[in-house]
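Asker: As a plain string of letters, each chain reads:
Protein chains: 2
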Amino acid sequence: MIINSNLKKLSKTYLFTQVTEKVENYKKLNPGVKLINLGVGDYTLPLCDAVVKKLREAVNNLSKKETFRGYGPEEGYLFLRESVKKYYKTKGVDLDTDEIFISDGANSDIGNVLELFSKDNPVLIPDPVYPAYVDANIIHGRKIEYLNATQENNFLPGIPKDEVKSRIIYICSPNNPTGATYNYSQLKAFVDYALETGSVIMFDAAYESFIKDQNLPSSIFSIEGAKKCAIEICSFSKIAGFTGVRCGYTVIPEEMVYEDSNMNKIYKRRLAARFNGVSYISQMGANAVFSREGTEQVNENLDYFRKNAKILSSVFEKKGIFYTGAKNSPYIWFKCPSGMSSWDFFDYLLEKFNIVGTPGVGFGKNGENFFRLSSFGTLEETELATEKLLKL
Amino acid sequence: MIINSNLKKLSKTYLFTQVTEKVENYKKLNPGVKLINLGVGDYTLPLCDAVVKKLREAVNNLSKKETFRGYGPEEGYLFLRESVKKYYKTKGVDLDTDEIFISDGANSDIGNVLELFSKDNPVLIPDPVYPAYVDANIIHGRKIEYLNATQENNFLPGIPKDEVKSRIIYICSPNNPTGATYNYSQLKAFVDYALETGSVIMFDAAYESFIKDQNLPSSIFSIEGAKKCAIEICSFSKIAGFTGVRCGYTVIPEEMVYEDSNMNKIYKRRLAARFNGVSYISQMGANAVFSREGTEQVNENLDYFRKNAKILSSVFEKKGIFYTGAKNSPYIWFKCPSGMSSWDFFDYLLEKFNIVGTPGVGFGKNGENFFRLSSFGTLEETELATEKLLKL
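Line by line, the protein sequences give chains A and B. Residues 5 to 396 in the working numbering are what the first sequence spells out, letter by letter. Residues 5 to 396 in the working numbering are what the second sequence spells out, letter by letter.
Source of the hints: derived by calculation from the structure; they are not laboratory data. Computed from a predicted model, the values in this text were never measured in an experiment. Treat the hints with care, since some could be wrong.
[Claimed, not checked] Only part of the chain B face toward chain A is listed, based on derived beta-carbon distances under 10 Å: (1) Asn10; (2) Thr48; (3) Leu49; (4) Asp196; (5) Ser241; (6) Arg278; (7) Val282; (8) Ile325.
We put the CB at the ideal spot given by N, CA and C, even for glycine.
Based on the provided sequences and hints, a complete structural model is requested.
Answerer: Below is the structure:
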């Protein structure tokens, strides 16, 4: 048996696995110490009432013969695709329900949609960025090129200036980990570049719900021409705390045609063979996010985390430390003090202040000397962490 | 952009999509006609009480701050892996919890585990068989060879007699669509062959819960040596009606080593990058399947379908028509009468008796002139269908 040799090229441990191991080790050596976790981007607030109500209704339906449902459509229930369509309408984007595919989360679909494209396309990935992009492409054996995000470009790199060629271009805006968010003209440059070169943009919009600034696009499809060259991947994790419930959606526009093939139709065919759909219960819960009641409750939660982000960022404002994010993102990305390396600062924060964050270098080489804090903790923890950080 | 040209090699429509389209068309032309659906292998009984109780508890936990859970372990919660381990123990198979990966269903993992192995390994797939195996391998661009299952070998083909080489070998037992089930010595021949040639066996055990006959193995790991060469893929869909809830599990033994690489460890690393785990709610429900209460209730449901299978098979017993399955499987696989083609018989059943079944040829060329009926309908429908079929 010949194994997939690409798997050997993956870094030995995944960033978040590595962080967890370090933390578990620290806990073992320091029993009783209470840690403030501002590391992974995981929710701490419970699901909102509107969602819980619908989850209960779904379980109830499955408990009775008359309302039991087995296999659902692999592309997701129409009721949820209708709601996503309406949500996009509020952003000024017209979608057809056939263009929306319900997924079990952004992470899975980041890799799944790659099956549409040949291994021979080079991939352009911002550095630093969410490590799953790189890993999914390493597993498939694609050649990876990086787009350097640095302090100089405010962690918002522009279109590549090197050789013009067709590639798979990843964009994550608001960015994970930097929180930096592209404006309309910056995204337009990418769409124009993709149209010109026959590239495809993989737009990760997982954090779109954190955008408050009306001058920032929360969907790539707000940009003219994007429907011909972009796939948008989104999730209910960050808008509504679905990290454990698992539901997301991916938009592949009907207008996207490469080599005379309609990518939407091809993806639908792939899905029929490779997926049996997302849990009916999760889809029912996700649908409640778009109800009037759900939207209100979800926004209350988002405001809670936005407040945390503001509190955390005050540290860096006061200290005059360079940072990005916090405004339209749950993340604060900042330069480690005194030129410390990311992992040294991780250890320092853990040992000195009992705060768990995420070392920037874990997201790529340009993340070295940077650090990510998340606003997904509780208000109390965030305030406590802020007090401590002010003593830096 | 170069697209994945393998996608163009997929059959235009997926079997079950094609059946659904034909049925929808018939309904449109014949409004008011009530159809008996013995087509897809989908549950019709509601979830059992023990499962519903745990699903409710899970939703409740997510509704409160103290018990809310976000991201779970990508390999699944330990509580569920412990239960699966105990379940295997009752079959006489010792597993470690680290060898068990919770999935969102067998269908997804049939493709996912393929990422472990190079595209250069040929694949051996029984014909006829569940079409997802073929499609997943076409998408990945593997060379597919077929193992002919025919009336002559009772649809249980033995090890290949041609050139000895290392391959990815699919086995589905009890088989979908034929219901034929391998015995110990037949499976041992496959394990010996795999060990000798360095092949890997992908053992689809989705229907293991239907095995009543103690002389038939319900896990490949009941065969000595299998832990060195087999991956087992299973699901809660058929044991407990999770077709809409989505949960399954995949076993990759620690002993499986190819090219000095531990496949279990490599899969765990892949999973960290590519998956964020199965819904906590679904996992809680799945765990209830293994409780004393759950086991009892699940077995009652299985008996209900077993009875249906027996009733259906009586038609073919009485008429002396060749069939397989029904005994340790929810499917009855039989020869179409009067040498009719599978699709002609599909149309005939639909139009004459208003019964929906699945044409055998949809599962592979050797399925031509054969037909699959499922016992997952209601008792009333099954009895009505039986009456009608006796008039064949």
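Asker: The structure should be examined with respect to each hint, and the outcome stated for every one.
Answerer: Structure-based check of each hint:
A hinted interface residue such as asparagine 10 (chain B) counts as satisfied when its beta carbon comes closer than 10 Å to some beta carbon of chain A; here the least separation is about 9 Å, so the hint holds. Against a cut-off of 10 Å between C-beta atoms, the interface hint on threonine 48 (chain B) holds, since the closest Cβ of chain A lies about 7 Å away. At about 7 Å, the closest approach between the beta carbon of leucine 49 (chain B) and any beta carbon in chain A falls short of 10 Å, and the interface hint on this residue holds. Against a cut-off of 10 Å between C-beta atoms, the interface hint on aspartate 196 (chain B) is violated, since the closest Cβ of chain A lies about 16 Å away.
Interface hint at serine 241 (chain B): satisfied, since its Cβ lies 8 Å from the closest Cβ of chain A, which is below the 10 Å cut-off. Against a cut-off of 10 Å between C-beta atoms, the interface hint on arginine 278 (chain B) holds, since the closest Cβ of chain A lies about 5 Å away. Satisfaction of the interface hint for valine 282 (chain B) is found here, the shortest Cβ-Cβ separation to chain A being roughly 7 Å, below the 10 Å cut-off. The interface hint given for isoleucine 325 (chain B) is broken, as the beta carbon of that residue sits about 29 Å from the closest beta carbon of chain A, more than 10 Å.
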